[in-house]
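*Asks:* Each protein sequence line maps, in turn, to chains A and B. Going by numbering that gives the first Met the number 0, the first sequence opens with residue 0, and the numbers climb by one from there. Going by numbering that gives the first Met the number 0, the second sequence opens with residue 0, and the numbers climb by one from there.
Simulated from the structure, these hints should not be mistaken for lab results. Incorrect hints may appear among the rest.
[Said to hold, decoys possible] 30 angstroms max Cα-Cα, derived DSS-like pairs, lysine-lysine:
1) Lys159(B) to Lys111(A)
2) Lys315(A) to Lys183(A)
3) Lys261(B) to Lys132(A)
4) Lys111(A) to Lys183(A)
5) Lys183(A) to Lys13(A)
6) Lys13(A) to Lys315(A)
[Claimed, not checked] Facing chain A, a subset of chain B residues (Cβ under 8 angstroms, in silico):
7) His88
8) Ile92
9) Val108
10) Phe224
11) Ile228
Positions of the beta carbon are idealized from the N, C-alpha and C atoms, including for glycine.
As a plain string of letters, each chain reads:
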Amino acid sequence: MFKVASLLMTPAAKYLMLAFAILFPLVAANEYQVYVMATAFVWAIAVYGLNIITGFCGQLNLAHGGFFAIGAYTLGLLTADYGWSFWPAFLGALVMTAVLGFLVGIVSLRLKEHYFAIFTLCVGFIIYLLIDKWEELTHGAIGVRDIAAPYGFGLVDFTDTTPFYYLVLAFLVFAIWFMGRLSKSLLGRTFIAIRNGDELAQSLGINLMRNKVLAFVLSTTYAGLAGALYAGMVRFIGPEEANINHTFDMITYLLVGGIGTIMGPLLGTVGIVWITQSLQFLEEYRMIIFGPLLVLLVIFFPRGITGSFLTWMHRKSQALAPTKKRQENKVKTAQNREAESNA
Amino acid sequence: MSLFLQQIINGLTLGSIYGLVALGLTLVYGILHIPNFAHGALYMVGAFMSYFFMVDLGAHYWIAMAGSAAVVAVLAILCERLVFHPLRHSPPIHDKIAAIGILLFLEAVVQMFWGSDFRRMSSPFTGIMNFDGLIIPEQRLLIIAGAFVLVVALQLFLRKTMTGATIIAMAQSREGAFLVGIDANRVAMMTFAISGMLAAFAATLYAPINLVYPAMGHLVIMKAFVIIILGGMGSVPGAIAGGMIIGFAEALGGFYISTSYKDIIAFGLLVLILSVRPQGLFAKGAH
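Based on the provided sequences and hints, a complete structural model is requested.
*Replies:* Shown next, in the form of structure tokens:
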């Protein structure tokens, strides 16, 4: 059991998952399944963003769904109303979410813990109200139609589901790669130091505000990227994209998968999206199960699937280590523990 | 002039409701330092319970209100026992996520039983009072009077009774409260029960001039959070003052500026105030 599990820790496991993702359209029973998978990947990208600010930096951002909607609306409005083609509008969406993220960040991140969560809850709601009421700009409740599909430069047609799936997959792989790099970098460690203790981090000479704003901007850009891809995929968006429930969904994905881990957001999102899909009757009442699940997770498994797995692996490897190697392992243990808290 | 007075009455009505909801929120925050995101769901359940007692069981308005308060109080105690108590040593982010879990669960359950339709709840106070051109529906007067009575009763309870004093003691200093032998579990459960009851009273008072539906708690709870930030988290007078500020801002802003943006006013105010004073409008004072 342990040996099988330790295989999952090797880099080969990641390539195996990637290979499966690449082959998925070939083994999928129909186009719909590919579409569902692409949707799951889009959400996963957004959840990775939430993971940066909430998982690594420890600030519960409840406006995340709002930034997803801003990304989607920027792309949608630029292509549908202003005649931009997809890729410039796509860049526009990223810039827009980054800039707005910066502006919201410099105000909201002066607040701590509960105040920050409540403030971002309100920001999320303001975004929703603006999208819903500012009809001159956003078309209000009617939503935005005729959003351009990604331009394939004459090589591929992204209006088909399968090419789009690969496009989303490419962005997802990039998002995870970036996340992995980030978590190992000094910057990622700085974020974790802030999560573990504001004041302690500050006493180490970390500039709290600058790092928190950076984490926030990164996370909103991730959300904007996901939102823009979403708009390019469904090509019709409405104010409901900014509904607070999307933020709550993303928190569920993040928590089930494992908050603050690298693979957690992907596992949680893909897992839950498929469970919800296969149990269609759950669609409307899924929260009867996911609500208590959220509560049970934070009480009993606050580290989610990935985090609990890593902890288990770590304990097991400690128990199996021969006694004479203990001394040598001590150094390693310290590293492991660090890796675990980073994970 | 009478139009202006009309808006004052509207502001008082809204402020009373917001104040009651914010009071429950601020009490829980003062004791346990939990921003209870599920409080809006308790408010919503309160409205549905009253609706259930009145429409399905044919109970009188007052009896329905009492019944609903009892049910929501028990529900709030359950939340404390089953969810927040086990999480008391966890990082603060876990409480918030758990509270969101409760909120999602309660909403889904209500939606399963009653659907997501908008419902109208009647009240025996449908008359209209005419004070020399100033028209006030009886229900609005009832809301203002009811909120006043509840706030006074709560103040008397907190100030004049031993049990009430334990709540204040614990809000002022946890360690000090333990030192003089105050039972933390009992105080926590009692605070949650009071907070739930206040939410149910507010919902039952407000439902007849509003609609009853599963998402009705969203806006109210967010405004209640704005209020307790304005008033200082954990402060009782702050919650009442903050409730009135938001109530008046909304009534006057909605009338003189724009009705469709009136819900934004509260949040805009919050963003503005927190940008200038991150610690809230009134510094956190004693209770």
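*Asks:* Next step is simple, just say for each hint if it's right about the structure.
*Replies:* To see whether the hints hold, each was checked on the structure:
no. : hint                   : verdict
1   : Lys159(B) to Lys111(A) : violated (35 angstroms)
2   : Lys315(A) to Lys183(A) : holds (24 angstroms)
3   : Lys261(B) to Lys132(A) : holds (11 angstroms)
4   : Lys111(A) to Lys183(A) : holds (26 angstroms)
5   : Lys183(A) to Lys13(A)  : holds (17 angstroms)
6   : Lys13(A) to Lys315(A)  : holds (21 angstroms)
7   : His88                  : violated (11 angstroms)
8   : Ile92                  : holds (5 angstroms)
9   : Val108                 : holds (6 angstroms)
10  : Phe224                 : holds (5 angstroms)
11  : Ile228                 : holds (6 angstroms)
Hint check: violations occur at hints 1, 7; the rest are consistent with the structure.
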